[in-house]
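Trainee: Below, each chain spelled out in residue letters.
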Amino acid sequence: MVALVPIDWHLVWTRIVSPNGVFAHALWATVYISIVAQIMGILLGLLAALMRMSRLLPFRFLSGFYVLVFRGTPVLVQIMFFWLVLPGPRIFNFGAFHLPQAVVAGILALGVNEGAYMREIIRAGIDSIDRGQMEAAKSLGMRSGLAMRRIVLPQAARVIVPPLGNEFNNMMKTSSLVYIIGVYEMFSDAEQAYSTALAVAPFIAVAFWYFILTSIWSFAQALIERKLAVSEHGDEISLRDRAIGIWTEGGGMVRSAWPWRARA
Amino acid sequence: MNASFEFVMHADEVHKSFGLLHVLRGVSLDVRLRETVCIIGTSGSGKTTFLRCINHLEKIDSGLIEVNGHPIGYRERKGKLVEDRERNISRQRTEIGFVFQRFNLFPHKTALENVIEAPVHVRGVSKDQAIAEAETLLARVGLGDKKDAYPGKLSGGQQQRVAIARSLAMKPALMLFDEPTSALDPEVTGEVLDVMEELAHAGTTMIVVTHEMGFAKRAADRVVMMDEGVIIEEGSPEHFFESPTHERTKTFLSKIL
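Residue numbers (our numbering), protein chains in the order written: chain A, 1 to 264; chain B, 265 to 521.
Don't take each hint at face value.
[To be verified] The calculated lysine-lysine pairs, modelled on PhoX-like cross-linking and capped at a C-alpha distance of 25 Å, are:
| # | chain 1 | residue 1 | chain 2 | residue 2 |
| --- | --- | --- | --- | --- |
| 1 | B | K391 | B | K435 |
| 2 | A | K227 | B | K417 |
| 3 | B | K323 | B | K342 |
| 4 | A | K227 | B | K411 |
| 5 | B | K435 | B | K410 |
| 6 | B | K435 | B | K411 |
| 7 | B | K435 | A | K227 |
Just so you know, these hints were derived from the structure itself, not from any lab.
Using the sequences and the accompanying hints, generate a full structural model.
Mentor: Given below as structure tokens:
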């Protein structure tokens, strides 16, 4: 019989219900690093997806090369790379925000890495829209940029949002890797607590906090998807079904999760 | 201004290939103002491809297509024809309405939003004016009460009528119809053909690729028979349906009528 290391549940409980003062900082760091990096990833992914469809070969090549490199190497290596090559001051000032160099490097690495994955998701979304939509827009005199913005992308968004939700869920957890370059966020906080307690308890507590974050996001995602789905189908899935769906099928469009409910 | 301006559409020796497949082998056709021309022919004869060339959804390999006296898709540079800039092609397309076999309505927009989309965002018409005009157009195609419906909630016939209204909203000089009833259930083709017939009698210049011989008889000023990428016979509907001359036309009509 292998004896497990005893878990100090009291310490787990304390770190959940009454986290220390710096924890709020750590939580906030995880949230904003994830959000900024994800937004950056979406923008880079959109740019790369559009470049891939360009008539100019260099753009298509650059887009392919970007995906090849950043999907083909570990994000941890990319984080180290950006941290080591990023020039500039120890503190970056963006208006009211003052970010340490490591945070900027971490966000850049996570964002650029995410862009490579987002390109594939956005590309698949655009490809899923019938060619006739672009032709109809063009035959009305719309130029391709306008047609993309007003006709194709709004429809592609419905296809893009569910995997985008997964990406952001991943992002919140992957952002923990920036602890390696000394960014103070939730995982670093747990790591520091571990260095004094030398027990598994801080990690269980931090797992709980990540779980809270991802659950909140799943709920938000369900709201966004509902809003996108309404216009096309007219009939809505109730918020209650969505909320329950988060726990039963991992979020998203769930109708079949409740077989005992009457199917209209 | 070109001498061919008397024609709304002027096509001269148009050739088009898809890879090794030579689809159009020298198509020439002139369409006058207020004229309705029906193009008939077996599938694969190139009629849809020709229609798509007229608004440059397909690029022609050689020949010339002019709408309102302006060459479509190409301009002359140093004595050679080069593909035009997208801006010019788009501007020309605003003059050419196109109705697709599969409607291609924008599913994320209501019927009304489909109709006002291009007037507002391409022509720069004010939203109020566009809405007023769109309501008139939707009433004209018999869908005044469906303006807030999404395409998914409309029948095929209703969707196609919205698509016609959407094209008309740009006040085009020429309307192109690509087998507009082929994707419809038989019981709703009538409502779409009625709208098109009304347009034809109101003096809209239109080119209609169709298999609906009844419509061709009632609405066309001229019928054109295409076969293997060329026009083999053209004439009035009476000529076509009573005394066709070409052997292929006779065979085709005997099969379809």
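Trainee: Hint by hint, say whether it matches the structure.
Mentor: Quick rundown of the hints versus the structure:
no., hint, in the structure
1, B:K391 <-> B:K435, "holds, 16 Å"
2, A:K227 <-> B:K417, "holds, 18 Å"
3, B:K323 <-> B:K342, "holds, 20 Å"
4, A:K227 <-> B:K411, "holds, 21 Å"
5, B:K435 <-> B:K410, "holds, 21 Å"
6, B:K435 <-> B:K411, "holds, 19 Å"
7, B:K435 <-> A:K227, "violated, 34 Å"
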